[in-house]
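Residues per chain are reported as follows:
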Amino acid sequence: MSRPLTREQQIELYYFMQLNRQLEERMVRLFRQNKIVGGLYSSLGQEAVSVGSAYALEPRDWLAPMIRNIGALLVKGFKPRDIFTQHMAKFTSPTLGKDGTSHFGDLKVRHTVSPISMLGDLIPVMTGVAMAGRYLGQNIVTLTWIGDGGSSTGAFHEGLNFAAVQRAPFVLILENNQWAYSTPVSRQVPLKNLADRGRAYGITSKTVDGNDVLAVYNATKDAVDDCRAGKGPVLIEVKTMRMKGHAQHDPAEYVPKEMFEHWKARDPVTLYEKYLTENKVWDAKKKSEIDARIERELDVEQKFAEESPSPPPELAERGVYCDGCHSIEADWKRPKEEVMPPKSSIAAAWTLEHFGGLEGEIPGAKEVAAAGNEGKRAASLEKQPPKPAAKTAAAKAEPKTDVDEAAVLRVPFGRGPKDKAFVREARDNPRNNPRDKRRRR
Amino acid sequence: MATITMLEAIRQALFEEMDRDPTVVALGEDIGVYGGAFKVTEGLLAKFGRERVIDAPISETAIVGAACGMSYLGLRPVVEMQFIDFIACCFNQVTNFLAKSHYRWGAPVPMVLRGPSGGGVHGGPFHSANPEMYFVHTPGLKVVYPSTAYDAKGLLKSAIRDNNPVLFFEHKFLYRRIKEEIPAGDYSVPLGKAAVRREGDDLTIISYAAMAHTSLEAAEQLSKEGIDAEVIDLRTLLPLDRDTILASVKKTNKLLIVHEDTRTGGIAGEIAAIVCEGAFEDLDGPIVRVTALDTPVPYAPPLEDRFLPNTEKVVAAARELAKY
Chain A
1 MSRPLTREQQ IELYYFMQLN RQLEERMVRL FRQNKIVGGL YSSLGQEAVS
51 VGSAYALEPR DWLAPMIRNI GALLVKGFKP RDIFTQHMAK FTSPTLGKDG
101 TSHFGDLKVR HTVSPISMLG DLIPVMTGVA MAGRYLGQNI VTLTWIGDGG
151 SSTGAFHEGL NFAAVQRAPF VLILENNQWA YSTPVSRQVP LKNLADRGRA
201 YGITSKTVDG NDVLAVYNAT KDAVDDCRAG KGPVLIEVKT MRMKGHAQHD
251 PAEYVPKEMF EHWKARDPVT LYEKYLTENK VWDAKKKSEI DARIERELDV
301 EQKFAEESPS PPPELAERGV YCDGCHSIEA DWKRPKEEVM PPKSSIAAAW
351 TLEHFGGLEG EIPGAKEVAA AGNEGKRAAS LEKQPPKPAA KTAAAKAEPK
401 TDVDEAAVLR VPFGRGPKDK AFVREARDNP RNNPRDKRRR R
Chain B
1 MATITMLEAI RQALFEEMDR DPTVVALGED IGVYGGAFKV TEGLLAKFGR
51 ERVIDAPISE TAIVGAACGM SYLGLRPVVE MQFIDFIACC FNQVTNFLAK
101 SHYRWGAPVP MVLRGPSGGG VHGGPFHSAN PEMYFVHTPG LKVVYPSTAY
151 DAKGLLKSAI RDNNPVLFFE HKFLYRRIKE EIPAGDYSVP LGKAAVRREG
201 DDLTIISYAA MAHTSLEAAE QLSKEGIDAE VIDLRTLLPL DRDTILASVK
251 KTNKLLIVHE DTRTGGIAGE IAAIVCEGAF EDLDGPIVRV TALDTPVPYA
301 PPLEDRFLPN TEKVVAAARE LAKY
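Which chain is which? The protein sequence lines are A and B, in order.
With the working numbering applied, the first sequence has no gaps in its numbers, which climb one by one up to 441 at the end.
With the working numbering applied, the second sequence has no gaps in its numbers, which climb one by one up to 324 at the end.
These are computed hints drawn from the structure, not numbers from a lab.
Accuracy of the hints is not assured; some may be wrong.
No farther apart than 27 Å at their CA atoms in a straight line, the calculated lysine-lysine pairs in the BS3-like style are these [said to hold, decoys possible]:
| # | chain 1 | residue 1 | chain 2 | residue 2 |
| --- | --- | --- | --- | --- |
| 1 | B | K39 | A | K343 |
| 2 | B | K47 | A | K333 |
| 3 | A | K343 | B | K250 |
| 4 | A | K343 | B | K47 |
Some, not all, of what chain A presents toward chain B, calculated at C-beta under 7 Å [stated by the list, open to error]:
| # | residue |
| --- | --- |
| 5 | T95 |
| 6 | T127 |
| 7 | W350 |
Heads up, incomplete: computed chain B residues facing chain A, CB under 7 Å, no partners named [what the hints assert, rightly or not]:
| # | residue |
| --- | --- |
| 8 | A46 |
| 9 | S59 |
| 10 | G65 |
Just so it is clear, CB atoms sit at the ideal spot from N, CA and C, and this is done for glycine as well.
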């Protein structure tokens with residue numbers, strides 16, 4: 001279990017949630033004054049998700065925000081001015097006005113990858129960041145979010161599968177806010193808990209209350225710790241509610257009023273304020289101090305953004321290619337020799353944990369048998385194609401115990417159920433006999 | 001000097017770059033134990049190990065996305081598409097994530113996406129494609145398509161060392177059909193520079209990849225008829241070497257463009273526009289195209305033969321153009 005947060009940390013969580021909310025409320029006003037250039041997407045009601053999960057990361061860890069993860073960017077060290085200027089398309093914004101909203105990042109200091117609007121693509125990308133971090137010996141964890149809607153994209157599934165097969169130190173927060181634009185989650189996914197998406201890939205998956213910032217923090221902290229210990233990836237479904245339309249233009253009339261009321265009573269900021277008060281973490285004076293500080297900070301940041309210039313038109317032509325403007329260097333935290341020959345050299349062959357098939361060889365098959373399915377199992381076993389008799393010559397040649405559980409045996413071409421000799425070999429092999437204890441080593 | 005195939009030249013470039021730079025890693029389907037569908041990566045796993053040679057699931061979006069993420073940490077991944085046709089499966093990652101990354105937020109993506117492309121081997125509609133123009137139309141990418149073993153090795157090295165996402169097309173018809181003497185040791189060929197393969201005064205033939213060889217054959221035939229053709233091999237399609245194109249047209253005053261890609265939206269149209277903008281006054285005849293048909297690549301040999309440009313088609317078109 002994760003270590004409890006200090007009093008200061010608990011109060012800091014409130015600071016970030018309230019900063020997130022007040023920042024966005026100001027942006028709504030700016031939007032109405034036509035000072036926001038494009039669309040404005042609200043994370044009202046989802047602040048605990050962004051703040052609680054990002055707070056579980058260390059500075060060396062990487063995240064990639066989605067459109068409603070402004071709070072995570074604040075936790076990661078970006079300033080409110082970055083958010084204001086991005087939305088107002090200013091030359092002072094992190095992207096110099098080339099992109100808007102939360103579409104920005106920082107490779108060097110805040111380890112943040114910019115999202116794109118196409119959903120799911122961050123999942124393979126952050127898997128790659130995690131793999132590279134492991135390769136370089138950095139011991140980092142990567143984290144991104146996906147909505148209930150985005151969990152139906154191909155990139156989500158391809159990415160999660162790859163993360164799982166690579167055991168990448170990667171945490172995916174599945175932010176189930178009940179609505180993908182105007183379509184309720186029940187019409188997108190025939191599952192009660194979207195965490196089941198992760199179980200399909202054999203990874204640790206859980207569901208937590210997304211409006212409870214401490215629950216989100218604790219679940220994420222556990223996941224991050226697990227990932228750092230090599231037990232990743234992890235998927236966490238957080239159940240929450242999008243309290244506004246898809247964007248400012250959308251009044252969300254398709255959402256039943258009662259549903260808004262139900263979730264309004266569970267407002268994450270109000271709930272957390274109550275928690276802090278009831279547990280005597282703070283008093284009314286502390287709260288008003290923090291609220292006043294937030295107002296002061298946002299005044300300065302907003303003023304900076306409003307007074308910032310638009311980008312010069314000729315900037316449009318610049319920066320398509322990196323022509324030496326960036327130096328690219330990997331931050332090695334392990335000896336490079338480990339990945340260079342002769343140390344890196346191995347026998348190019350698979351090591352297989354099992355040969356496939358049903359009982360005892362596929363994880364989980366044993367549980368089915370134990371549940372009293374013995375008769376059925378025996379009957380169905382007979383219909384199974386025979387298993388290969390032994391490891392292939394190539395597998396035997398493998399000198400190292402370089403475990404590759406995810407590998408799949410290639411049945412030699414032309415060998416299969418119709419090959420009598422092959423079937424015979426398979427039947428005579430003790431490993432294929434369910435009663436022979438030797439088959440499990 | 002050793003005589004090697006284009007495929008071996010590509011393999012050499014991979015080995016040498018991975019030996020030179022531990023940030024270079026390889027990802028792809030069946031590239032490790034199996035050595036790749038065409039055996040381009042054979043031996044790579046044995047030498048560099050599983051951390052650097054990653055056998056990935058059949059999941060182009062995951063592979064390319066992960067490679068992009070790796071590049072953000074300073075690695076230089078080289079991704080193999082088993083056949084370049086499958087790049088369609090990760091089109092979004094390539095065009096929206098990779099290509100726009102540096103422009104949008106200043107994050108360079110130093111990676112290479114390479115794979116066997118092109119027809120003439122009866123691979124049918126899904127194993128013969130020349131999808132280069134989807135990507136030539138995408139600012140932020142570089143697109144390379146070599147025609148010789150020497151260039152393939154030198155350009156792949158440049159691509160791996162480049163700070164941008166480079167798509168590297170390897171014409172599978174040429175993989176084992178052309179052999180060439182290659183100097184020992186390290187050398188590179190710069191991206192964005194075309195090569196004049198044959199000098200001539202009567203007309204210019206611009207081409208690339210397998211069709212560069214077809215164009216050279218046609219030029220030899222034409223020379224017997226007294227037509228002296230200059231042949232330019234583009235080598236890189238994005239960025240395009242405008243200077244070499246315009247200089248040649250200003251010299252010969254006639255332009256024939258040959259490509260194996262389909263006709264509509266092929267690079268011939270872009271080159272024609274560049275020449276009209278930059279050398280219109282120098283033209284003595286129409287700009288002529290010899291290209292594949294505007295159809296999918298058909299499977300049966302007689303159909304594919306009809307689909308593809310060949311020496312006879314190029315000679316016939318050049319003969320007509322020379323009359324102006």
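Unsatisfied constraints (hint numbers, rising): Violated: hint 3 alone.
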